[in-house]
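Peer 1: Sequence:
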Amino acid sequence: MKTAPVFKNGSHRWWILFDQDEHRVIDSNVYLMESNGSTIVLDPGGFEIFPQVFAAVIDAVPPSSIEAAFVSHQDPDIASSLPLWNACNAKIRWHVPKLWDGFIRHYGALDADFIDIPDEGGEVLIGGKKLLFIPAHYLHASANFHVYDPEAKVYFSGDVGAALLPTGHSAFVDRRDPKAFDAHIAHAQYFHQRWMPSNEAKRDWCQRVSQLDIDYFCPQHGAIYEGEHVQRFLNWFDGLKVGTAIAD
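Residues 1 to 248, numbered by the numbering used here, are exactly what the sequence shown covers, in order.
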């Protein structure tokens, strides 16, 4: 697991923890946002990769600074490591979709401190910085959320924007390379067509998110879209037929 900085302004920082090696489990990105000595972990990953993730966390922030975690939906690659995190630090507050609360608890750690996110979304303060929970329902889970940091212009997009990349890939779709997007998006098309079920939900989300000021679009699989590549992705996704639209 490698650690790379995404954004930094004083004590306000974002990190990506990503894997470039070949495994029998799907590669998953884990993100950290730190501000004034407080940290939140976004989609902390599966049970299988917990040792690598925890070792990478130490490269970025003190583990004792982690006061909160965010779980975008119920999949095992998102948060089956939850009981291991809880064993390390039972004070972590877990922000989870209300609909999936009882399902996520099947991973264990029934004593973990869960804070339910209502369907309409919400917000949380981490080290004085406000993060917004953006509804992204049916992309691909029936209750699903993303996280937006309006000050850093960082948008954590969960499975939206994901790409199944070959080993050794970069952590970023480089804004300086106009050809980078086309090379990258070829690895994203199948994922989006099969895992995103609803064109209606997709169009609604694209319309809402296009109004946000985003400089780093951070998916849970693959690489981060930077700068102009963010809008290029939103335009591409808006025009892509997904799920039931390609069922035949």
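Treat the hints with care, as some may be off.
[To be verified] The calculated BS3-like cross-link candidates involving lysine-lysine, where the alpha carbons are at most 30 Å apart (straight line), are: (1) 130 - 153; (2) 91 - 129; (3) 179 - 130; (4) 98 - 129; (5) 130 - 2; (6) 98 - 153; (7) 241 - 130; (8) 179 - 91; (9) 130 - 8; (10) 179 - 98; (11) 91 - 153; (12) 153 - 8; (13) 8 - 179; (14) 91 - 2; (15) 2 - 241; (16) 241 - 91; (17) 179 - 129; (18) 153 - 129; (19) 129 - 2; (20) 153 - 241; (21) 153 - 179; (22) 129 - 241.
If you're looking for bench data, these hints aren't it; they were derived computationally from the structure. Please read all numbers here as calculations on a predicted model, not as lab measurements.
Peer 1: Confirm or reject each hint.
Peer 2: Hint check:
In summary, the hint linking residue 130 to residue 153 is supported, as the alpha carbons are separated by about 12 Å, within the 30 Å threshold. At roughly 20 Å between alpha-carbon atoms, residue 91 and residue 129 fall within 30 Å of each other, so this suggested pair holds. At roughly 34 Å between alpha-carbon atoms, residue 179 and residue 130 are farther apart than 30 Å, so this suggested pair is violated. Distance restraint check for residue 98 and residue 129: the Cα-Cα separation of roughly 23 Å lies within the 30 Å cut-off, and the hinted pair is therefore satisfied.
About 27 Å separates the Cα atoms of residue 130 and residue 2, which keeps this hinted pair within 30 Å; it holds. A C-alpha spacing of about 26 Å is found between residue 98 and residue 153, which places the hinted pair at or below 30 Å, so the restraint holds. A threshold of 30 Å between alpha carbons decides the hint, and for residue 241 with residue 130 the separation of about 34 Å lies outside it, so the pair is violated. At most 30 Å may separate the alpha-carbon atoms for a hinted pair to count; residue 179 and residue 91 exceed this at roughly 45 Å.
Between the alpha carbons of residue 130 and residue 8 the distance comes to roughly 16 Å, so the proposed pair stays at or under 30 Å and holds. Straight-line distance between C-alpha atoms of residue 179 and residue 98 comes to about 41 Å, which puts the hinted pair past the 30 Å bound. Restraint check for residue 91 and residue 153: satisfied, since their Cα atoms lie roughly 28 Å apart, inside the 30 Å limit. In summary, the hint linking residue 153 to residue 8 is supported, as the alpha carbons are separated by about 11 Å, within the 30 Å threshold.
A C-alpha spacing of about 26 Å is found between residue 8 and residue 179, which places the hinted pair at or below 30 Å, so the restraint holds. Note on residue 91 and residue 2: the hinted pairing holds, with a Cα-Cα distance of about 26 Å set against a maximum of 30 Å. Using a Cα cut-off of 30 Å, the hinted pair residue 2 and residue 241 is violated, with the two alpha carbons roughly 34 Å apart. A C-alpha spacing of about 43 Å is found between residue 241 and residue 91, which places the hinted pair above 30 Å, so the restraint is violated.
Distance check on the hinted pair: residue 179 and residue 129 sit about 35 Å apart at the alpha-carbon level, beyond 30 Å; violated. Between residue 153 and residue 129 the alpha-carbon distance is near 12 Å, which keeps this suggested pair within the 30 Å criterion. A hinted pair counts as satisfied when its Cα atoms are at most 30 Å apart, and residue 129 with residue 2 qualifies at roughly 25 Å. The straight-line distance between the Cα atoms of residue 153 and residue 241 is roughly 28 Å, inside the 30 Å bound, and the hint therefore holds.
Simply put, residue 153 and residue 179 have alpha-carbon atoms about 23 Å apart, close enough for the 30 Å limit, and the pair holds. At roughly 37 Å between alpha-carbon atoms, residue 129 and residue 241 are farther apart than 30 Å, so this suggested pair is violated.
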